[in-house]
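**Student:** Using the sequences and the hints, build the whole thing.
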Amino acid sequence: MIEAILGPFAEFSFLRRALVGCLALSVSAAPLGMFLMLRRMSLTGDVLAHGILPGVALAFLVGGLSVVSLAIGGLAGGLLVALAAGALSRATGGREDASLAATYLVALAFGVALVSTVADSVEVMALLFGSVLGVDDAALLLMCGVATATLLVLAFAWRPLVLECFDPGFAAAEGARGGLWHLVFLALVVLNVVAAVAALGTLMAVGLLMLPAIAARHWSGEVSGIAKLAVGIAAASSFTGLLLSYHADLPTGPAIVLTAGLAWVVSVAVGPVDSLAARRVRRRHLAG
Amino acid sequence: MTAPAIRIENLTVAHGGHPAVHHISGSVAAGSLTAIVGPNGAGKTTLLRAIAGLHPPSGGRVSLAGRVALLPQAATLDRGFPICCRDVVLLGLWQRVGAFAPMPPGSGERAEEALAAVGLAGFGRRPVGSLSAGQFQRLLFARLLLQDAPILLLDEPFTAVDARTAADLLAIIRRWHGEGRTILAVLHDLDLVRAEFPEALLLAREPIAWGPTEQVLSAANRLRARMMAEAWDDTAGPCARDAA
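Protein sequences, first through last, are from chains A and B. At position 44 of the first sequence the residue is numbered 44 (this note's numbering), and the sequence of numbers has no breaks. At position 55 of the second sequence the residue is numbered 1055 (this note's numbering), and the sequence of numbers has no breaks.
For the record, the hints were derived by calculation from the structure and aren't laboratory data. Heads up, some of the hints might be wrong.
[Unchecked claim] Partial pick of chain A residues on the chain B-facing surface, computed with a CB cut under 10 Å:
#1 40
#2 217
#3 225
#4 226
[Claimed, not checked] Beyond 12 Å from chain B on every Cβ pair, some chain A residues (computed):
#5 5
#6 63
#7 84
#8 95
#9 106
#10 114
#11 149
#12 166
#13 187
#14 235
#15 254
#16 261
#17 270
Because the structure is a prediction, the values reported are computed rather than measured. From the three backbone atoms N, C-alpha and C, an ideal C-beta is built for every residue, glycine too.
**Tutor:** Here's what the structure looks like:
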């Protein structure tokens, strides 16, 4: 049993690298996912992940499956979608979700068209769904670097982000520069999605961002509690998912995301806060 | 006569070009307690938001002698957000603490005192989602207490609260008045305005009357305010008064 759990990591350095990278991402992406969820922007991470595809595809055309070029391309693509959508909706008075949907659909179609013209199917699978073998030293450095930067920025941005999520009107009245923090936050989300692509693939990168946060919401009623639990769930999902990927011979992206999905299913079913069970169980009422 | 706390010079605030507040001039004396009354659509909320700097004017200017705290009519905050009452009250320290600085010592006690002052003693750890509408309005008053601003703008502070809550909140307004703060409140209950507010501004997009409450709320003035055309004039050309 222990051999089945720890053996693969002891034996294969690529699995160890993937594990370290995913654990680093768990620490940084899960709190970001919580803020996305609290801002009712749960789908924005997905939008950004699709938005990076043309950038990644262009980089892939130029430099192949090299982490550095993929990261630069993805970062440029993601920031372009996020900023273009935000600026467009402000300039035209439209809704941000509408402009996001429009820009990411165009970006996704463009990216898929680009990739399909050149790559062979193994590489396309790795790009879209991730591969344990994708986490080379450069990718590991990228993932850990992004996690470090994210934690540093979050430490400073925590209070303004909570305020901007909770009461944007008050933030505006008090001159808390909510718009600026929002941009910083979106940049962090893009960074994390790009860093996750190497291990999880572009289509699954958001899984580690959103699922742990959404699951943690059912276990705590306080922002800090949700953030800590989300990190824990993300880390556990990374470990279990990599094992699943190894034993069942699955791409790492779906394996990790399915594990996090299982945590979500359990949470939404029996968690103490707003879960199906908590809603159904009729508790004996108190005297006052 | 001391310097005014709020000076409004020929202020016009427009929504899509149509003026919601049209050519208002006047000043609010420091330490005064003023009610803003007028029909729906008279520009009361727009005026408060313009004074708070949340709505850029399309003409004229507002100058303030101090920090402003605004109690919005429809709070934008997310009542389902996982945050407890004490932390909401502590947000009132934002001007002094900002994004990075640690909370000054004693902040927690100040928040508890503010909660007690609005009748929410013991609510500190309760999530905001569990409060009733009236308790919620009390909570926002507690946050105003910590904001400690010399100028207070209250937009319909007693809407959707019961008589006892209204009386408690009114007592806090009186306390602020006694401390020499300048208060502007949008209200609809004219009896309350007559009883509690020495000054009044009757607004119907343009100021109908501004001064001592009894004179402002005369039958003739109220009739004039009711005559205000609520609809925009889609054929209106540029306002000629700007040239003057």
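**Student:** Confirm or reject each hint.
**Tutor:** For each hint, the structure was consulted:
A least Cβ separation of about 8 Å between residue 40 (chain A) and chain B falls short of the 10 Å threshold, and the interface hint therefore holds. Contact between residue 217 (chain A) and chain B, as hinted, is supported at the beta carbon level, the nearest pair being about 8 Å apart and thus within 10 Å. For residue 225 (chain A), the interface hint holds, since its Cβ comes within 10 Å of a Cβ in chain B; the closest pair sits about 8 Å apart. Because the closest C-beta pair between residue 226 (chain A) and chain B is about 6 Å apart, less than 10 Å, the hint holds.
At roughly 34 Å from the closest C-beta of chain B, the C-beta of residue 5 (chain A) stays outside 12 Å, upholding its exclusion from the interface. Its beta-carbon lying about 39 Å from the closest one in chain B, residue 63 (chain A) satisfies the requirement of being farther than 12 Å from that chain. With 12 Å as the threshold on Cβ separation, the claim that residue 84 (chain A) sits away from chain B holds: the shortest Cβ distance comes to roughly 25 Å. Its beta-carbon lying about 16 Å from the closest one in chain B, residue 95 (chain A) satisfies the requirement of being farther than 12 Å from that chain.
Listed as a non-interface residue, residue 106 (chain A) keeps its Cβ farther than 12 Å from every Cβ of chain B; the least gap is roughly 30 Å. Under the 12 Å C-beta cut-off, the non-interface status given to residue 114 (chain A) relative to chain B holds; the minimum distance is some 39 Å. Distance check on residue 149 (chain A): its Cβ is at least 17 Å (rounded) from any Cβ of chain B, clearing the 12 Å threshold; non-interface status holds. With a least beta-carbon separation of about 5 Å from chain B, residue 166 (chain A) fails to lie farther than 12 Å from that chain, contradicting its non-interface assignment.
Every beta carbon of chain B lies more than 12 Å from that of residue 187 (chain A), the smallest distance being close to 17 Å; the non-interface claim holds. Taking the minimum C-beta to C-beta distance to chain B, about 21 Å, the non-interface status of residue 235 (chain A) holds against the 12 Å cut. Residue-level check passed: residue 254 (chain A) sits 30 Å from the nearest beta carbon of chain B, beyond 12 Å. No Cβ of chain B comes within 12 Å of the Cβ of residue 261 (chain A); the nearest lies about 22 Å off, and the non-interface call holds.
The beta carbon of residue 270 (chain A) is kept farther than 12 Å from every beta carbon of chain B, the shortest such distance being approximately 19 Å.
The structure fails hint 12 only (numbered hints given earlier).
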